[in-house]
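**Student:** If you want the building blocks of each chain, they are given just below.
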Amino acid sequence: MTTQRTTRRRKQAVAAAGVVAALLATAACGGGGTDEGGEGGAAGFDAANNKVAQASEAKKGGELKFAAAQDADSWDTTRGYYGFMWNFSRYYARTLVTGKTEPGAKGAEATPDLATSTAKITNGGKTYTYTLRDGVTWEDGKPITSKDVKYGIERVWAQDVLSGGPVYLKDILDPKGEYPGPYKDTSPDKLGLKAIETPDDKTIVFNLPAPNSDFEDMLTMASAAPVRQDKDTKSKYGLKPFSSGPYKFQSYTPNKKLVLVRNENWKPASDPVRKAYPDKISMTFFTNANDMDQRLINGDYDLDANQTGLSPQGRTTALKEHKGNLDNPVSGYIRYAVFPQTVKPFDNIHCRKAVIYGADHESLQTARGGPIAGGDIGTNMLPPSVPGAEGQKYDPYEMAGADKKGNVAKAKEELKACGQPNGFKTTVAVRNNKPVEVATAESLQASLKKVGIDVEIDQFDGAQTSGIIGSPENVKKKGYGIIIMGWGPDFPTVQGFGLPLWGSKYILESGNNNFAMIKDKTIDGLFADYVTELDDAKKEQISTEINHKVMEGGYYLPFTFEKFINWRSNRLANVYTTDNYNGTYDFVNLGLKK
Amino acid sequence: MLAYLTRRLFAAAVMLVVIILVVFCIFFLVPRWAGVDPATMFVGKQADPAAIEAVRQKLGLGDPILAQVWEFFKGLFAGRTYVGGGDVTQCSAPCFGYSFRNEQAIWPVLTDRFPVTLALALGAAVLWLIFGVAAGVLSALKRGSLWDRGAMVVALAGVSLPIYFTGLLSLAIFSYGLGWLDAQYVPIEESFTGWFGGMLLPWITLAFLYAAMYARITRATMLEVMGEDYIRTARAKGLREPVVIGKHAMRSTMTPILTMLGMDLGALIGGAILTETTFSLPGLGQAVLKAISDKDLPVILGVTLITSLAVIVANLVVDILYAVIDPRVRLA
Amino acid sequence: MTELSKSGAALSEPVKDSPAPSAFLEVRDLKVHFPTDDGLVKSVDGLSFTLEKGKTLGIVGESGSGKSVTSLGIMGLHTTGQYGKRKAQLSGEIWLDGTELLTADPDHVRKLRGREMSMIFQDPLSALHPYYTIGHQIVEAYRIHNDVDKKTARRRAIEMLDRVGIPQPDKRVDGYPHEFSGGMRQRAMIAMSLVNNPELLIADEPTTALDVTVQAQILDLIRDLQKEFGSAVIVITHDLGVVAELSDDILVMYGGRCVERGPAEKVFYEPRHPYTWGLLGSMPRLDRDQQERLIPVKGSPPSLINIPSGCAFNPRCPYADVPKDNVTRTVRPELTEVGSQHWAACHMTQEQRERIWTEEIAPKL
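Residue numbers (full-length UniProt numbering), protein chains in the order written: chain A, 1 to 594; chain B, 1 to 332; chain C, 1 to 365.
Some hints here could point you the wrong way.
Unchecked claim - Quick list of in silico lysine to aspartate or glutamate cross-link-like pairs, DMTMM-like style, CA-CA up to 20 Å:
#1 A:Lys234 to B:Asp87
#2 B:Lys142 to C:Asp37
#3 A:Lys234 to B:Glu53
#4 A:Lys184 to B:Asp87
Claimed, not checked - Derived list of chain B stretches under chain C, where covered just means 3 residues or more per stretch with a C-beta under 8 Å from a C-beta of chain C:
#5 229-242
#6 324-330
In short, the hints are calculated from the structure, not lab data. Being a predicted model, the structure only gives us computed values, none of them experimental. Think of the CB as a built atom: it goes at the ideal place given N, C-alpha and C, for glycine as much as any other residue.
The task is simple: from the sequences and hints, build the whole structure.
**Tutor:** What follows is the structure in structure tokens.
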């Protein structure tokens with residue numbers, strides 16, 4: 001089951017995917033996998049979750065076969081926003097820095113790729129300087145220059161032609177939007193963006209108007225990849241991107257098939273990141289997710305390119321018969337309910353807390369699919385993959401602890417404090433195309449009834465999310481006191497996850513994601529501190545603090561730290577999940593056993 | 001006969017123009033009346049304002065409606081060039097539009113996918129005609145027999161069971177379970193046997209549904225035809241029973257079957273969505289389903305047009321076949 | 001309900017003891033019954049007659065009297081099964097030129113059909129296949145029984161069309177039935193029936209569907225052709241006028257049985273059954289004026305499932321009470337010879353019938 005990517009950010013819409021309570025039973029039985037680890041076999045349950053499975057068995061050669069129910073939004077590095085596209089783009093696009101090819105949290109750390117080292121940061125965090133490696137080449141053998149990197153980044157400004165991708169770099173480097181983009185650039189070399197300087201072919205300097213401590217994380221995104229001007233086919237670039245990595249496009253028919261073959265001009269010595277095991281990489285697109293899962297299980301394909309996890313049907317079979325081929329990673333998504341402060345009585349923190357205390361967290365978790373397919377009970381609003389997150393250790397409302405079944409007494413107390421001792425009536429908004437979310441709404445409705453809060457469920461057109469719940473005016477008009485949603489980070493930092501949700505500047509007339517309408521000077525201030533803080537330890541500290549402030553405000557009722565069930569074939573070696581791509585497998589160094 | 005053909009062809013041509021106009025209105029005008037900017041529909045979701053403006057410029061959405069229709073018609077015959085946002089996009093004739101979502105002209109997508117759908121529809125049609133008609137004839141000739149009752153129960157099942165059910169069931173049994181048929185699409189140019197093997201299960205599944213309907217209609221028509229005077233005449237001539245049935249009765253029975261066949265084939269070419277989705281066949285139905293979920297309007301528009309064309313052509317062929325089968329039609 | 005007479009032989013005079021009769025066509029005690037959900041339909045219930053080559057027999061009766069069923073029975077078109085209906089049950093004997101058809105191999109009978117015996121149907125528009133040309137249908141009829149190439153067969157078809165009086169036969173041969181007028185269609189149908197020079201031609205209401213003016217032409221044609229081909233002809237009709245034109249002998253059927261049979265002039269001028277009188281009375285004549293012209297037989301034809309006991313005609317017969325002891329309602333009358341080769345089944349005495357005919361009926365006709 002693919003999900004509609006209806007939130008503004010689409011990265012890993014993903015794990016959203018299937019979650020059905022039916023699984024619970026199967027999961028509970030636990031079913032011992034018949035495939036045990038060992039040479040040529042499956043690595044075992046969770047063997048690749050935050051650790052490397054069967055690294056030594058990876059051999060050179062073979063065809064790595066991806067199956068996908070959803071094509072990329074675009075394979076153009078500037079335009080792609082799906083997480084799996086960013087992950088996959090590392091086969092054919094290199095960036096100055098990229099995520100480490102290591103499992104778990106390490107994967108989210110930047111490591112030099114085209115550049116010789118991570119940034120030399122000067123000028124109070126406003127200047128980032130990189131030097132390019134020797135021997136880095138395009139697929140035609142010509143060297144990759146700093147100008148190619150600059151041109152590739154400049155393309156982000158051409159949103160009229162190259163729409164769809166993330167615009168962080170544009171917002172950070174040119175917040176006023178002065179540069180018109182390379183296609184309307186009047187300078188002869190089309191390199192008119194002032195914020196980036198290329199003193200020579202090996203050096204590139206970024207001059208930020210204001211510091212941003214996540215800037216290097218943003219440079220690891222595909223949209224920072226170089227593009228050579230003479231190979232820029234503009235809007236058609238995504239059909240055949242010009243490769244800077246170990247593989248190049250051989251053929252691509254959208255929604256049908258994609259085939260990559262070795263780029264003979266890529267020099268292993270110039271690339272400390274990529275192992276380039278397979279000879280050929282193919283991606284076949286399916287329309288029937290069940291059919292696709294079945295083929296994965298049959299061994300016709302190696303893994304799901306979308307990394308959305310198995311659909312309920314395939315999951316049931318796989319858990320029973322092939323448990324050793326499965327991993328159960330955390331997706332980076334948090335599933336939650338949020339309380340718009342503009343809708344009475346949620347302007348009062350006590351009424352918000354009444355809902356948080358009144359909810360039966362275990363029942364919500366069950367509605368999400370239970371501990372395996374759904375995830376652990378979410379106790380706060382920072383995904384475990386984000387630095388500074390504490391997971392269930394930070395549980396201010398005892399959601400996974402003493403009050404996991406809800407605490408009616410505390411809820412009633414809060415109601416009294418709110419001035420609504422007899423409870424109140426409100427409406428919960430839920431996307432009609434997400435059965436699991438509807439199930440959580442019903443669970444919430446049932447448990448809140450016990451504390452006297454009467455909840456009416458309004459299922460809205462899930463395809464119109466940004467116009468319905470993304471419009472604060474509409475939310476107020478409809479009286480949506482509770483909105484059920486989910487969110488995953490574009491890049492695993494508190495900024496990448498939380499700024500659009502909690503920053504007061506991010507309240508928009510339409511396409512709004514700050515549903516709670518948080519205008520908290522402390523939180524805004526913490527974000528300001530965060531972007532100027534260059535020390536990782538301190539950044540983590542601020543992240544933790546922001547999370548605490550959000551939780552203390554009682555704006556959110558988290559349901560789960562989402563997990564999903566991911567399939568890897570018996571043929572796959574050197575498999576591991578990475579926090580860089582929300583707990584999905586790191587594609588770039590997957591190998592095949594022989 | 002010639003006059004008949006000319007009339008039919010003319011009617012088909014008029015029909016096609018009308019359909020293009022109607023489809024165009026649905027996709028370009030109705031959103032506007034409904035207060036939706038068509039440009040946003042053409043960019044897809046997540047549209048940057050600059051991208052929307054560029055598309056508006058590219059498609060000339062600010063121009064008067066008639067000019068837009070004219071541009072579209074002209075594109076069909078002379079090709080089109082979209083200019084906007086410093087980017088120039090060529091769409092050579094016949095230009096059925098351009099998908100800015102996938103950066104593809106629609107026509108190549110249609111020509112790429114049409115053969116798959118056509119092969120699916122035709123292959124299934126051959127199967128269902130053979131088995132459906134044969135079963136119907138046998139049922140009619142042995143009316144009330146065990147065979148007849150059995151066949152009609154199976155036919156009822158076939159008609160009532162939706163394709164996604166029979167499709168998934170047959171996949172589960174024959175493909176995943178027994179492993180007899182690997183229902184995986186392989187392009188015909190890669191391997192004929194692979195292609196044939198991959199198409200077999202979709203064909204059978206689709207044919208099962210239709211064979212059921214055809215068996216029922218054949219049986220009913222056959223029963224009616226067998227009571228006709230000219231069948232008695234044929235027997236009175238001393239014709240053998242197989243000739244009486246196979247020649248004299250079948251020819252009349254074919255008329256309603258052909259009507260159905262024309263409509264079904266036409267509809268299938270645009271609408272084998274369920275089958276194509278179930279078996280992951282890269283045909284038109286899959287493309288349109290994808291386009292709907294991606295809100296890729298130009299593709300939907302293109303497929304709608306090509307489907308209308310298919311229905312019209314199928315009906316034209318049926319009209320001609322009618323005239324071939326039934327001489328009385330030629331006068332009409 | 002009356003029990004059937006045990007002895008078929010007693011029913012009618014022409015039955016002979018020898019199994020191979022000398023007559024060209026001999027029907028002996030033919031019964032055609034159709035089982036239905038409502039009961040057994042006795043469409044023909046013990047019919048016997050003979051026919052010689054070159055002679056014409058007219059079978060007359062109302063619809064439902066069993067005359068068409070008889071013809072289909074001879075042709076063997078019941079045994080091949082009416083699909084969707086229950087099969088007819090046939091008994092008795094049908095001898096055609098020394099062969100008993102009911103017990104013969106069905107495929108042998110099939111080979112006789114169209115060659116030895118052929119049939120002209122009532123409505124040529126529905127009896128001809130609308131999708132095939134006239135020529136095709138005639139050629140097909142010819143080639144089943146003659147091993148000739150298509151060209152020869154086509155020549156034969158044109159020749160036959162010419163023979164039955166269709167103008168421009170070489171052109172019309174490629175025409176479709178719907179392109180022919182009613183009379184022309186029937187001529188084509190006749191051409192098809194005669195293409196194999198059949199020894200027995202059965203014409204089932206050959207003129208009913210046609211205009212009055214065309215009727216006479218078709219009847220002339222049949223008569224001429226019979227003379228030319230020397231076939232035995234059975235004309236089945238409800239119209240005594242038609243048989244008057246054509247027939248040597250007449251057989252009047254009522255309720256699945258023969259009520260009177262004899263040479264045409266006898267049946268016409270000395271009919272000895274009240275039903276025949278009724279038919280004659282209902283026959284249109286040009287020499288009489290409008291008011292008295294039609295004296296239809298009162299009442300409706302009998303149910304073939306519950307045939308009235310005694311004389312089947314008794315409920316409609318104005319003279320049912322003439323015989324004593326209610327015998328008309330209890331005893332089925334048998335065919336008795338009332339003159340030379342002239343037979344009738346009536347309980348009234350010869351004298352009674354003669355008197356009624358000459359005194360009451362004939363003057364009104």
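**Student:** Next step is simple, just say for each hint if it's right about the structure.
**Tutor:** Tested hints:
Between Lys234 (chain A) and Asp87 (chain B) the alpha-carbon distance is near 7 Å, which keeps this suggested pair within the 20 Å criterion. For the suggested pair Lys142 (chain B) and Asp37 (chain C), the alpha carbons sit about 19 Å apart, so the restraint of at most 20 Å is met. Under the criterion of a C-alpha separation no larger than 20 Å, the hint pairing Lys234 (chain A) with Glu53 (chain B) is consistent with the structure, at around 17 Å. Restraint check for Lys184 (chain A) and Asp87 (chain B): satisfied, since their Cα atoms lie roughly 10 Å apart, inside the 20 Å limit.
Residues of the region 229-242 of chain B with a Cβ under 8 Å from some Cβ of chain C number 12, which satisfies the need for three, so the listed coverage holds. Requiring three or more residues with a Cβ within less than 8 Å of a Cβ of chain C, the coverage given for the region 324-330 of chain B holds, as 4 such residues are present.
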